[in-house]
Amino acid sequence: MDWSGVLDVVQRYILNVANLQGMLRLATPVILAGLCALITDRAGILNIAGEGMILFGAWFAVAGSYFFSSSFAGLFAGILTGLVIGGLFALFSLKFRANIIVMGIAINTFANAATIFLTRAVFHVAGSFSDPKLQGFGPINIPGLQSIPILGPLLSGYTFVVYLTWALVILTAVFLYRTPWGLHLRAVGENPQAAETLGINVGRIRFLAVMASGVFAALAGVYLSLAHLNGFVDLMSAGRGFIGMAVNTFGGGAPLGVFLSSLLFGFTDTIGFRLQAERIIPVYFIQMLPYLVTLAALTFFTVRRQRALKAKIATSHAGD
Amino acid sequence: MLPSYILHAQEINYMALAVEMIGIRKEFPGVVANDNVNLSVEQGEIHALVGENGAGKTTLMNILYGLYRAEAGTIKIRGKEVHIHRNSDAITLGIGMVHQSFKLVPSFTVAENITLGAEPRKFIFTDRNAVRKNVQEISERFGLQVDPDTRIRDLPVGVQQRVEILKALYRNADILILDEPTAVLTPQETRDLFGVVRSLVAKGKTVIFITHKFREVMEISNRVTVMRDGKVVATKETRDTNPAELARMMVGREVLLRVDKEKARPQEAVLQIQNLKVLDNRNLQAVRDVSLEVHKGEILGIAGVEGNGQRELVEAIVGLRPAIKGAIQVKGKEITGLSVRDRRETGISCVPEDRYVRGVALGASIEDNLIVGNYFKEPMSKGQVLNLSKIADFARDMVKKFDVRTPGTTIPAFTLSGGNLQKVVLAREISAEPELLIVAQPTRGLDVGSIEFVHRRIVEARDKGAAVLLVSAELEEVMSLSDRISVIYEGRIVGTIDADLATEEGLGLWMAGVTDHHKPDEIPAAGDQLDIDQKEANLV
Chain X
1 MDWSGVLDVV
11 QRYILNVANL
21 QGMLRLATPV
31 ILAGLCALIT
41 DRAGILNIAG
51 EGMILFGAWF
61 AVAGSYFFSS
71 SFAGLFAGIL
81 TGLVIGGLFA
91 LFSLKFRANI
101 IVMGIAINTF
111 ANAATIFLTR
121 AVFHVAGSFS
131 DPKLQGFGPI
141 NIPGLQSIPI
151 LGPLLSGYTF
161 VVYLTWALVI
171 LTAVFLYRTP
181 WGLHLRAVGE
191 NPQAAETLGI
201 NVGRIRFLAV
211 MASGVFAALA
221 GVYLSLAHLN
231 GFVDLMSAGR
241 GFIGMAVNTF
251 GGGAPLGVFL
261 SSLLFGFTDT
271 IGFRLQAERI
281 IPVYFIQMLP
291 YLVTLAALTF
301 FTVRRQRALK
311 AKIATSHAGD
Chain P
1 MLPSYILHAQ
11 EINYMALAVE
21 MIGIRKEFPG
31 VVANDNVNLS
41 VEQGEIHALV
51 GENGAGKTTL
61 MNILYGLYRA
71 EAGTIKIRGK
81 EVHIHRNSDA
91 ITLGIGMVHQ
101 SFKLVPSFTV
111 AENITLGAEP
121 RKFIFTDRNA
131 VRKNVQEISE
141 RFGLQVDPDT
151 RIRDLPVGVQ
161 QRVEILKALY
171 RNADILILDE
181 PTAVLTPQET
191 RDLFGVVRSL
201 VAKGKTVIFI
211 THKFREVMEI
221 SNRVTVMRDG
231 KVVATKETRD
241 TNPAELARMM
251 VGREVLLRVD
261 KEKARPQEAV
271 LQIQNLKVLD
281 NRNLQAVRDV
291 SLEVHKGEIL
301 GIAGVEGNGQ
311 RELVEAIVGL
321 RPAIKGAIQV
331 KGKEITGLSV
341 RDRRETGISC
351 VPEDRYVRGV
361 ALGASIEDNL
371 IVGNYFKEPM
381 SKGQVLNLSK
391 IADFARDMVK
401 KFDVRTPGTT
411 IPAFTLSGGN
421 LQKVVLAREI
431 SAEPELLIVA
441 QPTRGLDVGS
451 IEFVHRRIVE
461 ARDKGAAVLL
471 VSAELEEVMS
481 LSDRISVIYE
491 GRIVGTIDAD
501 LATEEGLGLW
511 MAGVTDHHKP
521 DEIPAAGDQL
531 DIDQKEANLV
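Chains as they are written, first to last, in my numbering: chain X, 1 to 320; chain P, 1 to 540.
Hints were generated in silico from the structure; no laboratory data involved. Since the model is a prediction, treat every value here as computed from it, not as a measurement. Here a beta-carbon is modelled for each residue, glycine too, at the ideal position from N, C-alpha and C. Possibly wrong hints are sitting among the right ones.
[As the list claims (entries may be wrong)] Residues from chain X shown here face chain P by an in silico Cβ test under 10 Å; the list is partial:
1) V174
2) L198
3) G199
4) I200
Given only the sequences and the hints, what does the whole structure look like? Please build it.
Right, dumping it as structure tokens:
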């Protein structure tokens with residue numbers, strides 16, 4: 001049998017440098033959404049508002065970039081939005097004790113409608129907004145690195161937000177495991193009473209964690225609107241806030257875990273785009289793919305982890 | 001003019017008060033937890049604070065530690081009036097508290113837990129070498145051995161408590177509050193703890209020791225303050241008082257501290273369990289291989305530190321949890337395949353350990369709670385219809401017989417106090433005239449008066465011919481109620497002995513999993529202590 005045809009298909013559709021680049025790019029907003037879930041999860045808060053925070057971040061990044069004609073103005077507008085939404089979310093759910101799930105749903109629903117409304121009211125268009133005045137993030141080529149085969153194209157030529165995300169993964173890990181504040185945050189998440197009796201201000205740490213999660217989510221929005229596309233599309237977060245929560249669970253609440261499990265999502269997303277171009281399968285099925293794969297992987301690994309645990313217990317009792 | 005040495009003595013006396021709390025008042029909705037409470041603790045003493053549950057001891061200490069704020073009253077520390085608004089204020093004043101439920105982060109190491117919130121830093125990072133070094137240093141200085149790198153979740157309770165004490169010492173506490181520190185410990189661990197407390201006092205620390213066990217008060221304290229209903233009854237020199245007097249002050253009337261019972265006349269076996277294995281909620285084997293028999297007319301006590309499979313054992317017998325292996329027979333009939341109701345119909349009654357969750361339906365009336373085991377039978381119902389007047393009569397009768405203090409039988413159960421709730425549960429379970437009565441932690445959280453009542457009823461049930469299986473973490477309770485005692489450790493019965501022959505030391509060794517000493521009355525000499533510690537270490 002001639003395998004070259006199969007190899008050709010594999011290389012064409014699945015394993016090639018372009019796909020790996022696509023994976024790293026499309027994983028970026030998921031990584032950020034994952035960090036948004038992670039930072040609140042480790043502080044003991046169930047934050048389901050990531051989805052809405054991403055949308056707000058995306059919209060205000062577009063507005064910032066459009067009105068100040070600068071991609072970085074967009075970035076700062078996005079970050080500011082994240083801080084404000086995060087702050088409001090924390091204020092209502094932590095300070096005023098509104099039910100945090102209901103508050104999360106409220107923010108998500110509000111974000112859907114508010115961004116649609118704002119697009120119409122401010123830009124006088126419906127559905128999507130794009131404009132030549134809008135400054136997006138361009139690719140950054142790292143001199144020296146880019147000429148190395150394979151590694152060059154894999155690591156060079158992404159937008160600023162991608163590199164910022166990689167840095168944030170490392171910084172979050174260092175923060176969590178190497179600084180006193182990270183230690184306090186984890187203590188607050190695992191046993192708030194222990195933290196409290198040692199004079200750690202649990203409320204303040206949680207408040208700041210929610211604000212930080214707002215910034216992470218908003219950055220995911222900035223990536224979508226100023227680096228992935230160049231403009232705002234209604235409901236463009238497309239469930240990434242929730243996938244971020246899945247990715248956080250999957251990654252075991254660790255920044256590196258979030259990064260790696262996001263790659264899986266990015267990879268299937270990329271393959272989906274390739275398949276769309278081929279017009280073999282209906283486009284809606286393809287769009288389902290990344291979510292299905294993430295769910296399937298999550299289920300598979302959770303089941304396997306539990307089996308491994310049971311097997312471990314069984315062997316530890318073997319001497320009984 | 002006073003001679004100088006008297007002046008001097010007065011000064012010392014004044015300085016010698018470590019803690020003075022004057023006129024403390026604290027209200028919670030509907031209750032006055034502390035009512036004009038005065039407490040003074042001398043420098044360098046071990047001061048016991050005793051009282052029943054709800055007497056206000058823990059509230060008072062939480063005020064001192066800054067977790068609650070008093071509505072009225074003043075606090076003086078080392079003679080100086082202070083305002084404690086939050087617990088960091090208390091920490092700054094050198095007050096440390098070891099809570100009843102430990103405040104530790106399970107996934108953190110010992111060193112991380114001890115230094116949490118006050119970590120040595122290097123630039124913006126945690127100085128992890130300094131963390132370890134500081135912890136080692138403080139553990140050596142006070143002779144409290146811990147391994148700084150072990151994670152808390154891998155440590156036995158006794159060591160976790162040591163970590164809690166070190167946490168306070170690391171923050172330079174010289175006034176230590178220990179809230180019921182012995183509740184979760186084996187007798188040996190308790191002895192170790194007392195050794196630690198004495199050595200801390202020898203190093204100049206002051207210890208406030210909250211407890212409701214008189215024996216501990218007599219053994220360790222210099223002075224004792226008794227609280228009842230949010231008020232201080234008296235403060236006494238320990239050597240001038242005795243357990244009977246303390247009990248009287250605590251309850252406000254004479255209390256029988258010992259259980260009066262005749263010798264058991266055991267007959268045929270009612271409950272027979274062979275090689276039982278049961279999983280816990282995490283799918284780990286909680287009961288690993290239990291075989292036991294309980295006879296008609298005897299009380300078999302299961303002693304053991306909590307979490308060694310007692311709960312799962314009881315749940316497997318009553319049918320709330322499947323047995324993965326083994327046989328359970330009641331009067332020769334295999335019951336492992338039966339439903340909970342069928343098991344109850346074979347004559348099993350159970351007073352569950354958590355009366356608020358499994359013992360009663362809190363929202364339902366006392367009547368409903370009393371008939372929930374037999375409402376479907378005559379005379380409580382006929383066909384599909386409840387006989388309300390019979391039920392009311394039955395409930396009134398039970399409330400009277402079991403001395404439930406309640407204004408009526410149709411009010412919801414949650415309005416009752418813990419002791420009265422337990423009486424409702426007992427009434428229901430004992431009135432079913434069971435062949436096998438299981439009682440799990442029957443007096444947990446009850447006041448001395450109710451304990452006495454519950455104990456009497458359990459012995460009565462035995463004398464009427466029930467086989468009684470008693471499960472309790474209180475060794476004293478097991479020893480005074482049981483006719484035979486089995487000790488459970490990590491899901492296995494490590495030994496069974498006649499209650500008359502049992503000693504606390506022997507049972508304690510079994511409770512710690514030391515099985516080499518087959519005879520529990522073989523008390524190890526002082527020199528053997530190290531040997532035991534070594535064994536315990538190996539077991540961990």
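Cross-check of the supplied hints:
1. V174: holds (8 Å)
2. L198: Hint on X/L198: holds, closest Cβ of chain P at ~4 Å, below 10 Å.
3. G199: holds (4 Å)
4. I200: holds (5 Å)
This entry satisfies every hint, going by the numbered hints stated previously.
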